[in-house]
Amino acid sequence: MNLTYFLFFVCIIVCTLIITYWAARRSNTTNRFYIASGSLTGFQNGMAIAGDFISAASFLGIVGMIAISGYDGFLYSIGFLVSYIVVLFLVAEPVHRLGKYSLGDVICSRFPSGQMRMIMAIGAFMISILYMIPQLVASGFLLRLLLNIDYSISVLVIGGLMTIYVVFGGMVATSWVQIVKTVVLMSGTFLLALIVFSNMNWNLPYLLEKVKTGSPLGESFFLPGHQFGNPLEFLSLQLALVLGTAGLPHILIRLFTVRNTFEVRRSLISSTWIIGTFYIMTLVLGLGTVALLGFDKLIAIDPTGNLAAPLLAKEVGGDFLLAFVSAIAFTTIVAVVAGLVISATTAFSHDIFHHIFKKGKSTELEQLKAARWTALGIGFISTMFALQLEAINVTFLVSMTFIVAASSNFPVLILTIYWKRFTQVGAIIGMVSGLLASLVLVLLGPHIMNSDGGWIARDAVISLYNPGIISIPIGFLGAYLGTICSSKQAQTEAEFRRFYIRSQTGITSRSENS
Amino acid sequence: MEERVLALIRERKKMLIPTLMLVFLFYFMLPLSLTLLPDLMNRTSFIPGLTWAWVYAFMQIPMTWLVGWGYHVNAKKLEEKINGIKREELK
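Protein chains in written order, with this note's numbering: chain P, 29 to 542; chain H, 750 to 840.
Don't read these hints as lab results, they were simulated from the structure.
Honestly, I wouldn't trust all of these hints.
Here are the simulated lysine to any residue pairs, SDA-like style, with alpha carbons at most 25 angstroms apart [unchecked claim]:
#, chain 1, residue 1, chain 2, residue 2
1, H, K835, P, K240
2, H, K830, P, G127
3, H, K835, P, G66
4, H, K835, P, G534
5, P, K342, P, E237
6, P, K240, H, F795
7, P, K448, H, R753
8, H, K825, P, I535
9, H, K835, H, I758
10, P, K240, H, N791
11, P, K240, H, P797
12, P, K448, H, L789
13, H, K762, P, R449
14, H, K762, P, Y446
15, H, K763, P, A522
16, H, K825, P, T69
17, P, K448, H, E828
18, H, K826, H, E752
Fair warning: this is a prediction, and the values are worked out from it, not measured in the lab.
Isolated chain H, as found in the complex (with noise of 0.2 angstroms):
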């Protein structure tokens, strides 16, 4: 059961650690963005009045909220398999 339990915690890993890294390159790029590019950042963005800077600051709340509820998911579906696992284990 052990084995079987901790195959489903690196397979869970797999997806989670690259996906925070995504997260966290998105979120300290707006920082480095607005030093390193600034006048890329204050150019008007495809919405129009809105600069760049503002569209990426904006994304950040979907993101968090997109990023979470992928999250959930992900994780309900493995824990349907560790309950499987002991489930198993009982019979």
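Next up, chain P with everything else stripped away, as it sits in the complex (with noise of 0.2 angstroms):
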């Protein structure tokens, strides 16, 4: 590793530790350690939503996808991008208002019960690990691949760090790494972009014809069609894209770190100007990839087209821009797996150690004991799956985690705010019918069945890499079964009334508030 990559590292590593030595100061309660005491501002929280939501995936995999696709790789960004919508007309405010520090607090505020927040905890443990070990293991062969670390040091060094933010800062410290994360991440792409027009001499049609050139695609790169073939398959992806977002708890839990749902609103405002300007500029990047260091030449260094931006930070700028890039990388990467830890972390000590088994009457010292145990457990977990895991191509549970999310948690919470009729046998058999139907889609498809070098050597029984468009109506179908075949819900009409109001307006009953 040269001295310019070590520095910026070092920097990096440096910066996110005095937040974290700042934040630990100031994560002396469960309040302040599961959701920053609702301190931040809704633009901060949108920052912060940001730098949760924009993965290495999206950085990287988005600007690859776009060098070596064209227009289908731009695609994924759009059903990125109007999740938020979802999210925003349908969960955030109801969330916020029924929830404390999970996702189980939202549902159980309908439905209390240990078995619900059971199933609401196990859910959102397993989309955040699942979503974390992806993270890791592309972590691992990222800093391999651009500064020659080995494997197992780059997860350990990343899997270590994502802990001590946890561990000591909590939601405090994982929120203003999020922040920073996205102002460098901002900045970066921006200047990377700028370069791009200034190498054109600012001249968009220029940029377009060099792209022409650069890729084999020619004239038809500009058009669709080169990456989703299958009409089906691509529908159920926008559909997995589009909802998934609703369902995902890392996401959800950063509407608590708000005082109210007018910041609530302005966090998910904030987040789409953010991530919707970072879209564009990846695919600045994207086509500048194509036009300055041109497809041969990429596909000759990474065949995934994965490095394409730090690539072109190296064509166009040299070591230095190369180096803030993987910087830039790195910290996306220990931002997302921060948020995820501290997801994963919440599920399991307050849902299941502070509601389940302590039944409630743990004391705040105990319950931020457990906390920190917990995110250590975690970090500790995650990492030494991501070390085994080397040689396994794992890349697939990214897209499984938004299949997850759209098949369990979504229908569960949508129905539990809007379906008076809705029960708890309902949105249990919601949540597990989601579940397994995503699994075992997953299982049977290409992905893992697969002649050429899948887990299993034989043909897939289900055609389709995203099952979303068979495992979201399951988890819906699952809900609605579960409750016209179920007995009433002991709540009455008033109950739920009152409870709806509460929902969508934040109004609580005199008996609510005693």
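Hints in hand, dock the two standalone chains.
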């Protein structure tokens, strides 16, 4: 590793550790540890949400996909962005009003029971871990490719950092690491986009012409159809992307970190501006890669295209810019995995330890201790998993996370908030059927069953790589059938009305206040 | 009070559901039109050098921003009305 790279990495690590040290002194209550006491402003939280959401797959993967597949690569970004409308319209404010620290709190505000909380905690825990492992594995490969550091050391460094942030700094440190990441990522991407344009003499038609000559697709680079040949697959992916965010626990728990629904909306609106602007810039970087570096050179170094942004940086700015972009990629990964650790920690220590094991009677100190130990355990276990999975392709887990979230958490959240007849049995069956359907369909799909190098070397039973179009309706159907086949909830009409008014307006009755 | 609040929620729903349906329609029409109307989508649009497929994909970004902003404005008005009801109730 040369000195420039080393200095950039040390700078990032020192800055984030200073944030953690500062945050550690402010994380001495459960309220501060889990939700930063709701002290963030809407704009700060919007930056943190963007930092939590834009993973390495977005930064590196989408630039690479655009460089390789042209138009189709850009379509991923659209699904990710529009999903925030679903969050804003349907779940954001009710989640903020009904929950305290976790999604379990939200659902249990209508169906208070240990069973319900346990199933929600398992769902949140699974989604967070499923998403964290590919991020850690990708970080190992990325740092090895960029900096020539051993895979195990890379994973240990990132795993260790994310654990330190959460164990000592809780949500305060996680939020500020994510905010810093967003600032660094946006400014770095903007800088790189400007350099691309300056290399093209600020002439967009010239850039587009160069892209056509730089890609083997030629004129057809700008036409759709180079990645999504199967229309059903394409529609299924778009469905999972647009509904998935509204079921992602690590994004939804960020809605507790602001003080009211005005700030919740501001958070989401700010994040859509940041994420939308970011995706426009990734398009410029994707086009710039083809125009300045050329398709053949990119594919010769990395056939997946994931190194498109760093290679572009090296082409236009030499080692210094490459070091800067690598540091951005590193910050991107640690910020996302820290968000996932705190989400899994909340599910385990708040829902399972405090509410189920201790029946809600553990002291503040016990809860805090449990949360820190849980974060340590989760950090350790997921790092160990990532170390063992070096030789196995786990990238499909990223899209699977969206499918699981859209098929389990999303239906249950929506129906709990809006359907009067919904019952606890329906919620449990909806969660279980959505979770199982997504897992089974992915297991039977070409990610796992593939005669060409799959885990199971035979033809897939389901031809879809993204089975959301089947699993999401199964999640809803499970919830519906569970409800109509179970006896009516003991909750009276008046009780539901009070719950509904609370979820929509925040008005609580006197009995709820007392 | 409860009835007045419920009436406000119903009023909001009347705006919210059609808007969300339009957002879904606009969003899913992109993959559907790329599949069903490839010739039309690959034709050059009113912007020289850009096909309708690109214009449609780009339009999803300002659509998200505009719809989000519209929702925020609407939700603010609703919150003011609800706070008014709360104040009246406390008198």
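For each hint, the structure was consulted:
{"no.": "1", "hint": "H/K835 with P/K240", "result": "violated (62 angstroms)"}
{"no.": "2", "hint": "H/K830 with P/G127", "result": "holds (24 angstroms)"}
{"no.": "3", "hint": "H/K835 with P/G66", "result": "holds (23 angstroms)"}
{"no.": "4", "hint": "H/K835 with P/G534", "result": "holds (11 angstroms)"}
{"no.": "5", "hint": "P/K342 with P/E237", "result": "holds (22 angstroms)"}
{"no.": "6", "hint": "P/K240 with H/F795", "result": "holds (21 angstroms)"}
{"no.": "7", "hint": "P/K448 with H/R753", "result": "holds (19 angstroms)"}
{"no.": "8", "hint": "H/K825 with P/I535", "result": "holds (15 angstroms)"}
{"no.": "9", "hint": "H/K835 with H/I758", "result": "holds (15 angstroms)"}
{"no.": "10", "hint": "P/K240 with H/N791", "result": "holds (16 angstroms)"}
{"no.": "11", "hint": "P/K240 with H/P797", "result": "holds (16 angstroms)"}
{"no.": "12", "hint": "P/K448 with H/L789", "result": "violated (44 angstroms)"}
{"no.": "13", "hint": "H/K762 with P/R449", "result": "holds (19 angstroms)"}
{"no.": "14", "hint": "H/K762 with P/Y446", "result": "holds (11 angstroms)"}
{"no.": "15", "hint": "H/K763 with P/A522", "result": "holds (23 angstroms)"}
{"no.": "16", "hint": "H/K825 with P/T69", "result": "holds (17 angstroms)"}
{"no.": "17", "hint": "P/K448 with H/E828", "result": "holds (23 angstroms)"}
{"no.": "18", "hint": "H/K826 with H/E752", "result": "holds (18 angstroms)"}
The structure does not agree with the numbered hints 1, 12 stated previously, though it agrees with the rest.
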